[in-house]
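Chain residues, written in single-letter form:
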Amino acid sequence: MSRLPHSPTQRIDRGKELAFSWQGRPMKGFKGDSVATAMFSNGVRIFSRSIKYHRPRGLYSLDGESANTLVNIDGECNVNAETTLLREGMRVKAQNYLGSVERDLLGIFDKFDHFMPAGFYYRKFYKPPFIWPLSVKIIRKLAGTGKIDPNKKWSKNDFQELYLNAEVAVLGGGPAGMKSALVAAEQGLRVVLFEARPWLGGFYDWRTRRYKDSEPLFERGRKLAEKVKRHQNIRVLLHTFVTNLTGDNLITAFQVGDEQAPFVQRYIEIRPTSVVVATGCTERPLIFQNNDRPGVMQATCALRLARTYGVLPGTRAVFSVGDDLGLEAAIDLHDMGLQVAAIADARQNGHDPELIQAVKERGIPLFINWAASSANGNTVVNGAVLGSLSSSESKAFPCDLLVASAGLSPVTAPLSTIGAKFTYDAHTNFFLPTELPPRVFPAGRMLGYTDPASIETSGEVSGLKAAGSCGLKTSAGKAERALQDLPGPKRGCNIVHGPHIGSGDKAFICFDEDGTYKIARQCVEQGLDLPELAKRFGVFGLGPSQGGIPNHNLPLVLGELRGTAMEGLFPTTTRSPFVPVLLATVAGPNYQIFKRTPIHRLQEKPEAIFRRTGAWQRVRYFSNDLTSRDEIMAVRNSVGIIDVSTLGKFRLFGPDALKALQRVYISDMSKVKTGRLKYSAMLNHDGMIVDDGVVTQIGDNDFYFTTSTGRAGNTVEWFRYHTRYENWEFHLVNLTDALAAINLAGPKSREVLSRLTDEDISNEAIPHMGYKELRVAGKIPVRALRVGFVGELSYELHFPASYGESLWNMLFEAGEEFGIRPFGLEAQFTLRLEKGHIIIGQDTEQRVNLLDLGLGFLWDRNDRAGKKIGAPALAFTEGQKGRLKLVGLKTDEPSQTPGDGSVIAKGDEVVGHLCSSRYSPTLRQSIAMALVVEELAQEGTRLNIYQNDHNDPMWYKATVVKMPFYDPQGKRLKE
Amino acid sequence: MGSKRLWKKTRLKKSYDAVMIGGGIHGLAAAYFLARDHGITNVAVIERRYIGFGGSGRNTAIVRANQRTQGNVRLYDEGLKLWATLIRELDFNMMFYNCGNLNTLHSEAAMGAARLAVCTAQLSGVRSELLDRKQCKELIPALNIEDNITYPILGGMYHPPGGIVRHDAVAWALAKGASRYGVHIHQNTEVTNINVEKGKVTGIITNKGTLKSPRVLICAGGYGALLAQMAGIKLPIHPLTIQAMVTQPLKPILNHVISSGAYHVYANQTLKGEIATGAHMDPWPNYTTNTTPYYMKHQAEALTELLPCLKGVKFMRHWAGIADMTPDMAPILHGNDPIEGLYLDVGWGYFGFKSGPITGKYMAEYMAKARRPQILKPFSLRRFEQFRHTGETAGAFSYGPWN
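Sequences listed follow chains A and B, in order.
Just so we're aligned: 616 in the numbering used here is position 544 of the first sequence, and the numbers increase by one with no gaps anywhere.
Just so we're aligned: 140 in the numbering used here is position 155 of the second sequence, and the numbers increase by one with no gaps anywhere.
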């Protein structure tokens, strides 16, 4: 492991050596290394194999812009070695190869690329058809990169969430970003600064050139960073990857924790007032033969290896550059001991004369208007060919490093997702944002600035504008004028690919999915000549790193191949996440959130089985007997108790309260009386039942009503919506959570309740469908509703939620001598089925309306105004043929119980289905409610029922019978 | 070079025998079958962007025939069987991966609903089975069948004939096939109006000129209701955003399509190895295709509970499309009423992919014969004014904040 001598630009801590392994081979790196730089410093050149051709791939950029450096670390697959900090003991492994990653046997595919032209997937593998299933197996096995370790354990605390609040967010901690953060913070605004690298400084961090003849850029960067970190209004989030910027400035991101952090990663959301996007530039890859060979890398990658990590990227290098930064890198690396055989610069003019002078001083051959045309070497680079862009001249050089770049690409992902429009700018060769949403301000290099002073001033302009858009009276005018006096955006290199590109060349536009220039040409030839179509057909930018590498080049290449101007050609829309993000991070700690009733704790018996019911957790069974027989029999024979606090409970009052009731309920609600309950239903415009419940009057223009559990949340809005054109005065109060509710049911329920109250609860005082407000246990104000959902004498008690547990316990105690039992939803299901009472959604569906359910008696036909919701639909469909009807049925064999959903068949035609079907322990007979076609709805009709659970087909015979099944006269309710 | 093109480049003519508005798989399929089966080849497919831009290229590519009602099952079953035929006929591998679909069930009510779908499928000659939770685990070993999650799994509905199809390839294959019969495909062409005279459709106006045609099919996915409005027809359609995403490519881990109603999530591993996953629609009508972070969070939460090994997988792309929802979640396949020559293939919501080619086949027949094929009977537009919803979903469906 050889490193360059210490230099102040370096970010590694030589005092802290870290051991790790690559492919089982022990290696050493330093704290501060990324996994990739540590591997590279140990001589690793081949990091991975490409997905299609299995070509060797190595270090290319350092910011995770391609799949080249995806590895498996400690069982986690597809980890980018470039953006992951090295830690002690890491076990790093290569992915997706056969044999060894250096000699991948699947590398044979590289020889057969002519069998894999654009869209070859769609022309092969399926003739004759019987080979296709086999092809699928092989394709699946070959495709994909990482392999999931199904046994890898993640701790719940590994992933956390952070929801921030600030006026300004700055994306990017380079010079422009830091400057804008500082000026905004100086205005007193709270600023959050996001930086993907583990430190601030952007492209200053490794540059030794001087800022306007003062300090070196890296020093300036570090001073700025100190200032930013010390500023009390700025929160700096390092090693934090922004994943999305969406409408109204919602930013999502995730932070990778350092060794001290209590989390592995944390998910971050913030919605600042303004956003400064100072994401800078990446290098635009140069497209030429074998531009993917390990040993070919970007200029900043080579320079950063040396300047940041103290690793010389090679011994003898050839440079093919497209901007001054490339020249600067060549000079600086030369001075650090890299042999530079030659530099090709694709630009014809516009070079920084100082740099040209420096190149000449060092005696490095410089080829202007030349570029790399080929990298040589079978696995890693052992030579390079440079060629003239204006003639057929070329020159070969032996080398182990080919630094290649076509110039710069702005990082515009956040602007793309927030809806900016882009225009191709011939001067910079950038797609520049032209139409921006309000309160979003791009800054710095991404706008084409290359001069440090311009970049910093551009950051100040955007920072001030961001502050201004937060409502401050700041003006960016002075800074803008200063910016005008500084060097403007620099002319960009517009080279599309290297010289002399051959028709069979493997010149890659997209590394992730082996998308070559040749494939792009084939796409155009086949008419798939728009970036969106070529992207999908030829597969560019759909791989693990998404648009990173090909996004800028693809439209340029298509423009050239089509022979058209850039008009109408744009990079495809960037999709979030900008950086791939772990599902575990996005999911966060995976809280199980549900609503608890005031009596929830007392339901948590050891044997109780809960089910999620909408927002609630409710008990379905109180024992392992899933028929709930004992619970049912307790209600039928003695007394049972159930927590029904989830029922919707509402008070409706005001001068027009009755009008509102009349509008939404299908019955004549003027008949609702004090002390009495009226059962009715709410319909939608199609006559379908959306809710049922009871209503009573509790005062002048003052009503109390219940809704089903599922409707409680929608009821207020339902009233409001359906009275929106009326100028009615009424108030609706949702008491659902304020009141607990217990249903005390069974022949002994009166006796139980009477032990807790002195008030008259006799059949005369509270008859069936009666309502009375009582004091129970001396002081608990209880609304007693004598409803009969389960078909027995029962009292539904509504009372303040805070008394929930107390009253439950008191009732339980009072009922002990009668063998009181709690009963769950399953018991309630069977009990009400025996009574023929419907559950909405279980026994109803969108093909049936109130009439089909046999509930037509609820409809107030005298409502001449026809303004009741659903009434016109009922009038229209009355007598309509061919509708489904709800019927009761009994199986011929009393003990045979088909399941819910079993089908009623006539031959192989489905003519109905069972909605609710149970064995009734009370009647010792299987019973069901079913929806059937009208012709089969007559009493006495014989039905064939089909069911097939777990490959056990069953046919049942049944007969349509009258409902209710239990206590048809309702005597038990009225006693 | 021209011979290599998947579809021919053509000039916009002044008059066609039929015009399809929308260059997705429905329009391309209708054009293809109109030309192939009915000899009507002077046909144009008009596409505002590029073919497959809309729902055709934004869905999660799942195909199946285990719907709730028999009428639906018959159409989808025929559709399922059509893939193999089309792949042969169009000589284009649309990569039908017949991996089967497992629908996990998390409540007694869901078990009942699945039983209905299973029995209905079986009586219709379609393979579908009700499984218990252990059978689910046998099928998908990565599945979490413990009770420690929000919605523990009680059982499953397994549908072996289903799977996934490479969605973009369907659009390209149909374009290729239609073009071979002489159908014109015009991309970057926006319809600005539909011409109707005396109750008859006479053509359309586009940003590139006016076309005459006695038959016009609206098959523009999420934008169908806007186009119908140009002809004066107000459709009971709500456009809702629906989102989907994929993970980075992985070696095979998921060998079936998995879906869960309770979590509201569905996922499958594409042949490329990515896990493609989608879920509910955003419940407010709109025409945007914006993605939202909460949606990704929902997907991550649901998937990591159902398949905990996916915690260590990364999402890499998230997108959205528009679903055109009808009140009963079944499509509107309608024509010649109230405007002669104007046909509707709209309201597919998020079922438009699996139904594409088969619907195109029957809409072509409808347009050629001006008579509704029997199999399309349940999907008349008139059902809404007669309060006769189809039974595709159990619950009454409505969209908007007031429900």
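Calculated from the structure, these hints are not laboratory results.
It is possible that some hints are incorrect.
A few chain B positions that, by computed beta-carbon distances, are all more than 10 Å from chain A [as the list claims (entries may be wrong)]:
#, residue
1, Leu(-3)
2, Ser0
3, Leu101
4, Glu114
5, Glu123
6, Ala154
7, Gly167
8, Asn178
9, Gly184
10, Asn192
11, Ala216
Sample of chain A residues at the chain B side, in silico, Cβ under 7 Å [what the hints assert, rightly or not]:
#, residue
12, Val208
13, Ile211
14, Ile220
15, Gly759
16, Ser967
17, Gly971
18, Asp980
19, Thr1013
20, Asn1016
21, Asp1024
22, Met1026
All C-beta atoms in this analysis are idealised placements derived from N, C-alpha and C, irrespective of residue type, glycine included.
Going down the list of hints, with the structure as the test:
{"no.": "1", "hint": "Leu(-3)", "verdict": "holds (16 Å)"}
{"no.": "2", "hint": "Ser0", "verdict": "holds (24 Å)"}
{"no.": "3", "hint": "Leu101", "verdict": "violated (4 Å)"}
{"no.": "4", "hint": "Glu114", "verdict": "violated (6 Å)"}
{"no.": "5", "hint": "Glu123", "verdict": "holds (12 Å)"}
{"no.": "6", "hint": "Ala154", "verdict": "violated (5 Å)"}
{"no.": "7", "hint": "Gly167", "verdict": "holds (16 Å)"}
{"no.": "8", "hint": "Asn178", "verdict": "holds (24 Å)"}
{"no.": "9", "hint": "Gly184", "verdict": "holds (25 Å)"}
{"no.": "10", "hint": "Asn192", "verdict": "holds (14 Å)"}
{"no.": "11", "hint": "Ala216", "verdict": "holds (25 Å)"}
{"no.": "12", "hint": "Val208", "verdict": "holds (6 Å)"}
{"no.": "13", "hint": "Ile211", "verdict": "holds (5 Å)"}
{"no.": "14", "hint": "Ile220", "verdict": "holds (5 Å)"}
{"no.": "15", "hint": "Gly759", "verdict": "holds (6 Å)"}
{"no.": "16", "hint": "Ser967", "verdict": "violated (19 Å)"}
{"no.": "17", "hint": "Gly971", "verdict": "holds (5 Å)"}
{"no.": "18", "hint": "Asp980", "verdict": "holds (5 Å)"}
{"no.": "19", "hint": "Thr1013", "verdict": "violated (19 Å)"}
{"no.": "20", "hint": "Asn1016", "verdict": "violated (11 Å)"}
{"no.": "21", "hint": "Asp1024", "verdict": "violated (9 Å)"}
{"no.": "22", "hint": "Met1026", "verdict": "violated (10 Å)"}
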